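Novice: In our numbering, the protein residues as written are 1401 to 1570.
Derived by calculation from the structure, the hints in this document are not laboratory data. Warning: the hint list may mix true and false statements.
Derived DMTMM-like pairs: lysine to aspartate or glutamate, alpha-carbon spacing no greater than 20 Å straight-line [to be verified]:
hint, residue 1, residue 2
1, Lys1463, Asp1538
2, Lys1463, Asp1422
3, Lys1562, Glu1417
4, Lys1511, Glu1536
5, Lys1450, Glu1551
6, Lys1562, Glu1452
7, Lys1501, Asp1538
8, Lys1562, Glu1435
9, Lys1450, Glu1435
10, Lys1475, Asp1538
11, Lys1481, Glu1536
12, Lys1501, Asp1561
13, Lys1481, Glu1503
14, Lys1475, Asp1461
15, Lys1475, Glu1536
16, Lys1562, Asp1449
17, Lys1475, Asp1464
18, Lys1509, Asp1561
19, Lys1450, Asp1438
A quick note: this is a predicted structure, and the numbers were derived from the prediction, not measured.
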Amino acid sequence: LLIFLGCESQKADRQLESRSIDQLYSIQLPSNLNEGYDMHDYASLQFYDKNEDFYVLGMEDAKDNLGENNRRRLKLDGYYKIVENTVFGQIDSVSLVGSHKFETLGTQKGKAGDYFALSFYNDVMYELYYRVAVYESDSHFFQLVIWMPYENYCEKMSTIDKITYSFQAL
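Let's have the full structure, built from the sequences with the hints guiding it.
Specialist: Pasting the structure below:
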């Protein structure tokens, strides 16, 4: 919550639209986002607005595909750690600002974290904000990653929260 104290003014939220993804889950996304196809090889949800530098990815892992040991032992916190390590594996510097567990409106168990990251690409430093969220249903783990330039996160925080908490496994 401390990171949000510096966010004094926020733009009005865009209208949100419900999106159903592969009959596995639904989520509310801003109406201005375009569907993408080349942001990640395995992401079932890929939406972006390049003009606003706002990106959303979603993926799912069927528990049956995780192997017998992981299917029995892997819980929300463990899956979150796997996703966190994957997302930030190529980032130069990452700071976790805060995380929390929650239940969505669809009573899905979830965990989310907010991160500030520095990444260098072609000798240019990028300051980024990330929201990483994972969800668990009886049959799947789901992951949601939202990112944008650091300077834009305050005006989008309300939208980021609405997206995160709107997730519902189908």
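Novice: Look at each hint and say if it fits the structure.
Specialist: Okay, the hints, checked on the actual structure:
1. Lys1463 x Asp1538: At roughly 8 Å apart (the allowed maximum being 20 Å), Asp1538 and Lys1463 satisfy the hint.
2. Lys1463 x Asp1422: 17 Å, holds
3. Lys1562 x Glu1417: 11 Å, holds
4. Lys1511 x Glu1536: Measuring from Cα to Cα gives roughly 9 Å; hence the hint holds.
5. Lys1450 x Glu1551: 15 Å, holds
6. Lys1562 x Glu1452: Holds, at roughly 18 Å.
7. Lys1501 x Asp1538: 17 Å, holds
8. Lys1562 x Glu1435: Holds, at about 19 Å.
9. Lys1450 x Glu1435: 11 Å, holds
10. Lys1475 x Asp1538: 11 Å, holds
11. Lys1481 x Glu1536: 14 Å, holds
12. Lys1501 x Asp1561: Holds - the C-alpha atoms of Asp1561 and Lys1501 are around 13 Å apart, at most 20 Å.
13. Lys1481 x Glu1503: OK: Lys1481 and Glu1503 at ~18 Å, within 20 Å.
14. Lys1475 x Asp1461: 13 Å, holds
15. Lys1475 x Glu1536: 8 Å, holds
16. Lys1562 x Asp1449: 17 Å, holds
17. Lys1475 x Asp1464: 14 Å, holds
18. Lys1509 x Asp1561: 15 Å, holds
19. Lys1450 x Asp1438: 13 Å, holds
Comparing the model with each numbered hint stated earlier shows that all of them hold.
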